[in-house]
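Peer 1: Listed below are the residues making up each chain.
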Amino acid sequence: MAGTGTAHLRPEDETLLRVQDLVVEFPAGRRKVHAVSGVSIDVRRGETLGLVGESGCGKSTTGKAIIQLPRPTSGSVRFEGTELTGLSGKKLRDVRTRLQLIFQDPISSLNPRRKVGDILAEPLRIWRRGDRSEQLAKVREALDAVGLDPDVAMDKRPHQFSGGQCQRISIARALMLEPELIICDEPVSALDVSVQAQILNLLDDLKERYDLTLVFIAHDLAVVRHVSTRVAVMYLGKLCEVGDPDAIYESPAHPYTAALLASIPVPDPAVRPDDEDVLGGDLPSPLDPPSGCRFRTRCPRARERCAAEEPEMRAVGPDQFVACHFPLVGEGGDGAGAPAAADGDGHADQSARAAGSERADGDGSDGDGSDA
Amino acid sequence: MPEPATDDPVATDAEPAAGTPAETEAPTEPTTVDALVEEVEAAPTRKLGVLGWVSIVWLVGITLAALLASWLPLPDPDRSYLEIVRVGPVQPGHLLGGDGNGRDMLSRVIFGARTSLWISVGAVGLGSVVGGVLGLVAGYFRGRVDTVVSMLFNVLLSIPALVLALSLVAVFASAEQDVSDTRKTNVIILALAIVTVPLIGRIARASTLSWSEREFVRAAEVLGASHLRIMVREVLPNVLPAMASIALLGIAVAIVAEGSLALLGVGVRDVPSWGNMIADGRSDLARAPHIVAVPSIATFLTVMALNYLGDVVRARFDVREGGL
Amino acid sequence: MTAPTESETLLEVTDLRTRFRTPAGTVRAVDGVSLTLDRGRTLGIVGESGSGKSVLSRSIMGLLPKRNVTCEGSIVYDGREISSLPPAERRKLWGADMAMVFQDPMTALNPVIRIGRQITEGLRFHLGLDRRTANENALALLRSVGIPEPERRMKQYPHELSGGMRQRIMIAVALACGPKLLFADEPTTALDVTVQAQILNLLARQQRERNMAMVLVTHDLGVVAGRADDIAVMYAGQIVEKAPTATLFANVRMPYTEALLASIPKLDEPRRTRLKAIPGRPPSLIDPPPGCRFAPRCPYAQERCHREAPPLRESEPGHVYRCWYPVGVEPRRDGAADRTDTPTPTGAR
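Chains as they are written, first to last, in the working numbering: chain A, 332 to 703; chain B, 11 to 334; chain C, 163 to 511.
Derived from the structure by calculation, the hints contain no laboratory data.
Since the model is a prediction, treat every value here as computed from it, not as a measurement.
Heads up, a few of these hints could be off.
Going by beta-carbon spacing under 7 Å, a handful of chain A positions derived as facing chain C [what the hints assert, rightly or not]: (1) Ser405; (2) Asn532; (3) Pro604.
Where a beta carbon is used, it is the ideal one built from N, C-alpha and C, also for glycine.
Chain A on its own, in the form it takes in the complex:
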């Protein structure tokens, strides 16, 4: 089977969310848009999974498919042991209260005709939680938690707030039903740099305060690295690389991850970008993705094998997994990723699982991230 593989998944009893072989396809006339093609990810309680990639890589679709909006074409989404793909009606609505979504566009995600107080009370009214005064108290508490003055904010409408403040309101709304997992779909991409930092700090605080688990979707690698305890890189509907952010950012194993990292403009005049494009060409159409490895059409390391055979996810480090036939980490002295080892997919799978659980204890502390 030419899948993207599941070597990077951890034992299911350790995870809060486990997505396996997720496929999302949209009809486009007589053809199909292959938005997500066999993505497997898992998230432990308390973790922040950074899902990163460029537009069209399927990261947002993956995030939305987790809460069944839209329903995935195939694959499994298990949240606390409950399979979500088969649920419908009331049961699905019930589960969704524990999974929330924060959107990219803070203005589009708030109804311009309703007052902020109503927007925040709406989830409580839908679920008939508490009476009016209890609801009011909760709304005030949530506004306070996201750093807005309830007395001022309650009776205003969204357009009276700046983008950053609207995003705070969105976050407050996502908190109203006391969810366990929040999927943040590019929550800071539409904001100015200075405001972006405020929102990132806020998310960090709320995560601590309410014991949240986050899936953080973004295209900005620096932002993702900043917030994540684990990172997954996507390209054209597939996973490229998964693992510990420090490992991945220090020595990316997938050529695409490396290209992404090299493309980030650095706020330092000493780093003169060279004129050669790190990555040439355009993203292939998701209507007709390339055979084998989907990145091969733009990959500097692509060979014949990449077109014929789809790479499977395998371990190249203690908590670093890559779906590439010719990963880059061999150069760094790490033997695990050398092309020669690529055939032993089955074994890699097992060692990966072992390596992953060894690493498990160290995941939360992440004190080892130092300057490169």
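Dock chains B and C against the given chain A, drawing on the hints supplied.
Peer 2: For chains B and C alone, kept in the frame of chain A given last:
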């Protein structure tokens, strides 16, 4: 929230909470260059202006007069005064003169407003409710529902309004049947409402299609709201302004349509309406032009006012949406 | 066509003020900006949304509506005062003298006109070329901006191309008549990071080959750091700091610039360190605060800052800033001690 906050992580941090009163009370002003340009270019059309106020005063005045006609110190609109037969304005006791039968024009134009406005507002109101619901449902659910509803709209649109009204009146309220004016009025309202349904419905559908794409609709779904709740609470309030601006224009069109029906001889007969006043005055056009002019001017002013306000509503709502 | 004796200065803007009369009040979008740009050089203008950076470049180009917009101050382009020219004369400068690349190529390109005509139109209008020569020039242009199969692209419509391709087309349109000054207004904000790198490289190459001056407007200090000769930081309609790029990054004087640098998540910082966010939000441009406009958000603000607006001061040749208590210059009074971390950017990732 799991537990009440003991400390505020944002406030205790070095950065003060971004919602200090001084900040949230800052006036909303456009910041990006595109928003600024839009603001200065749209400003004149968005202001209500003198014309807008004149329009509102006229409409409120004519509506109040129509509603309170029976209590106003007006002569009986059906009574003939021999001294004012075909006499133009201004006459003592008869401000706008009299018509061919010596009936008081001021009284008739006010009682006529009652009929004309009732027919047009009733027709557009009924059409808007039906069209709005159909359009909202079609735009929200899309797919097969949308196909069927859109087909219905297209069929209705292809029926010429006057032909439909003529046929309906002929079948349900023809002169031979000797029906009451109330029944005739209702048939005309129904006919004009049928024509209004697709006009309002298509606007409601298009507007719903774009608003349903907004993320706050997704957010409501994620929060567990039912489709009905989302349609009524989230989508409808945003679709209403577009419908309102078209409905205002629709009322204007319906007033004219009522007049056309009267001219064709199928309108209401026993009570005055602006349409049948114009129809009655035709024969005296050369001798006493004021008999046609008075209801025509009333029609013209009302239609203009409605059109102007419709534009203002649309401009306001466009910018509001664009500026967001 | 350029005489060897001409001055080095291509553009000199003095005390430019652009105001928008809106229903909410008069927005002072650009409030007394002065700058100069030499031939072939790149000026980076950095600021957040609402800082006036985009209004500034459009004011210089003469791209703003006339109604309810006033634009005062002097704009000397190539030795000629252009601010007082009638709009028709201003328009003659577009294309062959100055051109602009916009943030969103989808709205800047006409959706119902084929790519080919959008490029050749300018060539035929400004340079008076015949259809054939214009077509040949357009093909060469598309090739030079890295568009594969230019013949086919000429016949396509904008929506048939990817975002990166469209931005390349926009650049081709802007470069068609060989402008001496190119305004690039957030040219890569709508693009992905790998495509952004491609487009910035393209702009840099074209600029070098054509000896064209460029004003690169962006909110991202990272974009201008490696590419601009000089950087002007804008805040609330004013330039608050301007210096040669290396000087600026080595000796930040303006607390706003410092705060902006500190708020960017960096790849070489330890993970999950708390970001130094700038509290609050930019001031109203209808009624800006009386003193320093950054004072309400400034960690070092003193009483004087709230009262008196600081003038632009020069600390070293070419380095100006607008602050009473600049970073790393005078010994600060209280409040400065707890901010010891000057965000001198560390080396490569």
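Peer 1: Does each hint hold? Answer for all of them.
Peer 2: Each hint, compared with the structure:
no., hint, result
1, Ser405, "violated (28 Å)"
2, Asn532, "holds (6 Å)"
3, Pro604, "holds (5 Å)"
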